[in-house]
Structures are given as C-alpha cells and as structure tokens.
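Visitor: Given the sequences, and given the hints that come with them, work out the whole structure.
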Amino acid sequence: MTSDTPAGRRFRVFNRRRSAPSRARRRLGAAARMLAALALAGGVYTAFAPGAFAEDTRQLSASAQEGKALFDNSCITCHGRNAEGVEGRGPSLIGVGSASVEFQVGTGRMPMTRQEAQAEQKPPQFDKAQVKQMGQYIQELGGGPQIPSGDLTTSLEQDPKALAAGGELFRINCTSCHGFGGAGGALSSGKYAPSLHGATTEQIYAAMLTGPQNMPVFGDNELTPDQKREIITYVKMQLQDDKDPGGLFNLGRYGPVTEGLAIFVVGITILVFAALWIAGKS
Amino acid sequence: MRRRKLDLAQVPANVGKGLDDRYKAATPLRGLLNKVFPDHWSFLLGEIALFSFIVLLLTGVFLTLFFDPSMKEVAYDGAYPALRGAEMSQAYASSLDLSFEVRGGLFMRQMHHWAALLFMASIVVHMARVFFTGAFRKPREANWAIGVALFLLGFLAGFTGYSLPDDGLSGTGLRIASAIMLSIPVVGSWVSASIFGGEFPGELIIGRFYIAHVLLIPGGLLALISVHLGLVFAQKHTQWPGPGRTNDNVVGERMFPRYALKQGGFFMAVFGVIALMAGLFQINPIWLFGPYRASEVSSASQPDWYVMFMDGLVRLMPAWQINIPIGDGYVIPPLFWPAVVGLGALTTIPMFYPFIEARRLKDKTSHHLLQRPRDNPERTGLGAMAFTFFIVATLSGGNDVIADKFHISLNAMTWAGRIGLVILPPLAYWLAVRICLGLQQHDREVLAHGVETGIIKRAADGRFYEVHQPLGPVDDHGHPLPLDYAGWVVPKKMNRLGALAPAVKGFFYPVEKPAEAPVSPGMPPVTAREEREEITSGR
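Respectively, the protein sequence lines represent chains D and S.
Note that the numbering used here numbers the first sequence so that position 270 is 270, with each residue one more than the last.
Note that the numbering used here numbers the second sequence so that position 474 is 474, with each residue one more than the last.
Don't take every hint at face value.
[Stated by the list, open to error] Below, in silico cross-link-like pairs of lysine-lysine (DSS-like), each with a Cα-Cα straight-line distance of 27 Å or less:
1) D:191 x S:405
2) S:362 x S:35
3) S:35 x D:281
4) S:492 x S:457
5) S:405 x D:281
6) D:122 x S:405
7) S:493 x D:281
Simulated from the structure, these hints should not be mistaken for lab results.
Guide: Shown next, in the form of structure tokens:
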C-alpha cells in the first residue's frame, strides 16, 4: 500500500486531513461556518425585512408624542409600555386603531375605574384634543381602524330609502342587545349593552368598527361604511330625536316592564284614591 | 172645541204608567232601584275592572274598523318613513296605518292597551281584597271561582290582543307560545300544529287569534262578568261588621239614586284615568319593533305584566330535561313545568281555596260579614305567601330590564329569583301572621284597658302610671269591664273619642274624625255631637 505514485501521495495527504484534523482546527472551522451562516442570515434579513419593523426608532409625529406622554401617565399601568398590554390587567393596544381610543377614552370608559365585567360610561377624563392625540399615538404605534372623516349620516334627500334600510339593519344587528328603542339591555354576568340615546354619530360609528367592551366588531366586510351610515341615520332620526308620537313620556322604551309598573304606580294609585274619595262622600 | 191642557208635570208619571201597563216593569224595577249596597272604598276595586272592560269594548270596536287580520305579505307604503318599503304582513301594515294615518287611531290603540293593563291590574287588586277579607266564603264560592276564571280569560284576551299587530314583539310572544305548546308531552306537536295550522308561524294564526280576541274571548268575558255581577245582586254584597250590621242585613245606600250616581262618577274617573294615561304615556310602540322576523328578537321582549309571572317562572326554571327512553325516546323539556303545569296550577288551585278553607275550619255557615285581615291570620299569611310568590315571579319576568337599569348582574338576578321564590313566601307568611296577631293583640289590649290618654299620674306612693280612658262601663274600682272582641275598628286615640275638636279638614276626610258608626245615611249617629267653643287666649 506504500506506493509512491502521485495518486498515492494525493491519497495520503487527503486521507491524513480527513481522518485526523486537530481539535483546534475543528473548532476554528466550526466558528468560521457559524460566522458565515450568521452573516448570511443577517444579511438576508436586512435585505428582506419589512420596513415597519426595521424602523424601530421611527419618529412619532408631534401630536402622537403628546399622546404618548398622556398614555405614559394614564394608561401605561394596565396597557403596558408601548401599549403592549399587561397580563391580567389590560390588553395590548397594537392594532386597535384610533377609532377604538376615541370611543373608549372619548366616552369616559377609559381609564377604567376598576376591573369589572365592563367599563362604564362616565364623564371623560380627557378633552377632545387629548383624545385625538392618544388616538394618533396608538394609530402610529400599531395601525388599525379609524373613524372616517366627513358626515357619518346619510342625507335623506340623496337617498330617501336610507332611513328604512337603516331601521332594517338596526333590527337585524343591534336590537338583540340594545333593544328595539335603543334603550340598552342586560347581557350575562354583569355585562350590558348601553343605551344609545346619548351616543354621537362618531361614537356609534367607532363602536361598530371596533367592537368595544362586549360588543362584537362589525367590520367593513359585515356592514359596509354606507350601511353603518344608514344605521346611524336611523338611530339619530328615529331613536334620538324624540320620535315618540304616543305621548309625553315614552317610559324609557323598556317595553312592557315599565308599562306594567306605570299601570300600578299611576293607574291603580289614582283610582284607589278616587275610590277613597267617592266612598268617603256619604 | 176646547183644547186639552198639557200638564207637563204629569208627563213622566203618565209615561211611566203607560210603560208599566204594557211591560209590568215597576215591581222588579222597584226592587232593583231600592237595592241597598254597602259602601266602602275597597268595594269599588272590582268596578275598576268592570269599567275598564267597558272602555275595552268601546275602543276595541273602534280598532276593528281599521285593523285587517291578514298575513298577506305587502310592501309598506304608509306615513311612517322608517319602515317604508319594508315587507310585512297586512295585519302589521294596518296596525301602522291605524297608528299613523287614522285620526285619533294611536290614541285609541293606546287607550285599548292601557285599559287592558288596568283591567288585569284591577282584577288582581280586587281579588286580593276579596281574599284578604274572606268575602269568598260560603255562599260566594262560585263567584270566587268565576273571578279566577275571569283572570284566566283576561290573560288569554290580553295575549291574543298582544299578538295581533304582528310586529316583532307579537311574533316573539307567539314563538314562545308555540314553544310552550310543543313542550306538552305526547300531544304537544299536534296542539301547536292545529293552532297554527301547520308549522309556526304559518299564515292562519293572526286570523284565528283575531276571531278569538274580538268574539270568542270577549263573549266569554261578557257572559262570566254578567254571572259574576248577577250573583253579587242575588247573594247581596258582603259588608264590614260594625254597629247595626249583622250577618242578616245589609246597611248601605240604595242603588238609586246615590249609589248609581257614585258609580257613574267612578266610571267617569276610570275612563278619565285611562284616557289620561293613553295621552301621556306611550305604550307598545309597534313601529319600533318592525315586522316579525324569526331572526330579529329585541332585548327586553317581555309579555304584558299579567303574563310576566309565567315568563319569570320560565326564566327561573333550571335546565332539567327529562328523557324517557320509550320507543324513539320522549323528552319533557324544562319549559313544560313552569309554563304548562305552573300556569295550570296557579289558575286552578285558587278556584278551590274557599272549599279548602271551609273544610279545614269545618265551617258550614254562610258569611255575609267580612273579616279584617288581622282576624284570620292564617288566611292573611297564605295570601301574603301567594302574592309574594307572584311578585317574585313577575319581577323575574322583567329581570333583564331590572338587572340593566339597576346595574345588577343578570345571573345574580336569576339566582336571587330562584332563592327568593323558595325563601320569601314562607317568610312573608310568618311576617304576615305575626303582624296580624300583633294588631289583634293591640285591639284586645285597648278593649281590656281603654285608650291611652297620654296623661301620666303620680300616685301617693310615688308610682307613675298612665291614665287609660275605658271604652265601656267600669267596675267599682274604676277598672274597665272587659269588652268583647268584635272584629272591628277599635278607637285608639283620644281624638277618636271626641277628646279634641275635629282638626283641619283634609282633602278626603277630616283628618281626625270622632268615633261614629261606619258611615251610612240609613243609620245616622244616635246622638248629635255637642257644640264646642273655640279655644281662645282667654282675653
């Protein structure tokens, strides 16, 4: 086997390197390969990674920075640094959009008084400008649905059928929780659908878009923006602008419960006194 | 020829004579017009029901002129813009037209609905009066049972009427009614199919309910009300005990003119209150519910208040389903117990209460004198128990609205109802019995010792004691002789004994009235009160 042919030498050289690389050489080789792989992976990532993630230190707009300051003062306890959420306290706000912020903060639901079934509406803690700034911050942070600008109701001159269409949509989608008259209703375990009588057009639109508290989201695939406008038109015109042809008092539009109460508190009471009066006249 | 002189004063007499000659009406009419009715405010509660029934008939006739009980699908093209173009039944469209286009139609509809609620409310209040005063005892057991049947008929009349407009609320109610029928074991599906003419909702139900609502049930109500009132005439009205009143007489006012005038006035009051409510309070805004679609059920979809106890029982019933493995298997859904058994028991067992009580007390005599609630504590306790049950069930029927408006968890409301339905009635029984016994005890105390005068005397040995004014004669030592407990009002203040001049006149009564026999023009007080002098400063 110890032939000195060139092939034999090549074989010996090859064989020696294959069979017995030193430990140091082995380690050096592994390190070099690892470095190369890392450089490749990093290079590919740098080349292909989406810009949004790459721009981690992107500058917030001026109003968003104001919003961030407000957020860091009032919201960070539950929603966490950079609105990433805190386990067991508050959800992440990445992707909820400015519509959600404007609804929740604009109606006073946020900041929440305490952890309970559902945040209650109360006098807002922030003025409109501040709400917008916070919305802007959350919007720039993670994107999400926004309230469209412009009129959120449908003009009945342009589309006379909008009111009836809105009513139909309202009865299909909204009455099961908010009630036929928009007076609100109970849900399970302390949750509830609030009354719509004081809601502004923006709030109703934002609520449909973002599904605050226990409300389902009615995204633009389920109810198109036009349909949302029709619903708002119905709520505004039929339910809010006092369309109660049946009397001075609508009894809250709570249905037969308050009607039954009224017949005893008003009807029976008056007539018992009338009976006392008539029977007393002897 | 001399013209005959017309004597105007003689005209009524002549007309009356002429009528009597022909129809022989004087003798029965005299008896009727002279019939004496005892007078007490609580005897007028049943009249509220009677008068609201008259209002129901009047307004109902008006509504039938415009309502079209047809389930034909039409596209609405009326005055209400928010439903224009919507597909709906002719019944709903005509209800909307009735509300928005017929002059005064909405007012009439609301009057009809308020009158219906008042009818049922006054039935329940009247029933409570009859129960707690023992007016149902022999010989009036049948009239009590008729009264309970009237509640049940009124319940059905109300439910059929509630279903007629064919709006979202009506349809939801019908859906539940159909589910209740379906829950009856074995025959359920046949009952539902025969009433709805096939699968719910079908195309017949509004027409069928219409004829039941405007003819069959009102006919039954009218017949039962006639018998009810006829029996009151024939068996005479009960009266409160009191001076001059016995089990064998009736002290009160003649039917004509005073009683009839009072009743006429009260009818106007009832009519007025219903009209006032119809004008002030909006009831059942059918236009907001929209046409019935099975997929659209509003929250706070409740039945009217007198059906709410059944809805409440259904809500409180745990989901206990009974599976019977015979053949393909039968199921008794939990709905069956509260809705069918519950309603059946709650409307039939009370009918037999007079017999149950008479049997328990071994009482076979006739009673024409009422008992104060305190004088029969067990009955009062039972009544309190029944009403507590009814009230808890009714409140549970509206528990979603209560939960929402008072910020209570709906689940908590349900459990409160479940526990309350079991715990509260016995508690009410115990409380009522204790209160009755306490009131009786106080009456007996006053009879035995006299009225507290508020004058504290100090005896020679230093003792303090309050002076009591005996109500009757005293013995040699000045101690009052015991008086019999008569089951009637005992004066408890010196003012009632004439110790002070009557105070300022109140709106309904003088605020303090000296004791006298319960009001009756037939029995004036025996002696006139002495004149009093005005108290002055003495200068």
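Visitor: Does each hint fit the structure? Answer for all of them.
Guide: Hints and how they fare:
1. D:191 x S:405: holds, 12 Å
2. S:362 x S:35: violated, 32 Å
3. S:35 x D:281: At roughly 19 Å apart (the allowed maximum being 27 Å), residue 281 (chain D) and residue 35 (chain S) satisfy the hint.
4. S:492 x S:457: Satisfied, since the Cα-Cα distance of roughly 20 Å is no more than 27 Å.
5. S:405 x D:281: Distance ~42 Å between residue 405 (chain S) and residue 281 (chain D) Cα, so the pair is violated.
6. D:122 x S:405: Given that 27 Å is the threshold and the Cα spacing comes to 15 Å, the pair holds.
7. S:493 x D:281: holds, 24 Å
Hints 2, 5 from the list above are not met by this structure, while the remaining hints are.
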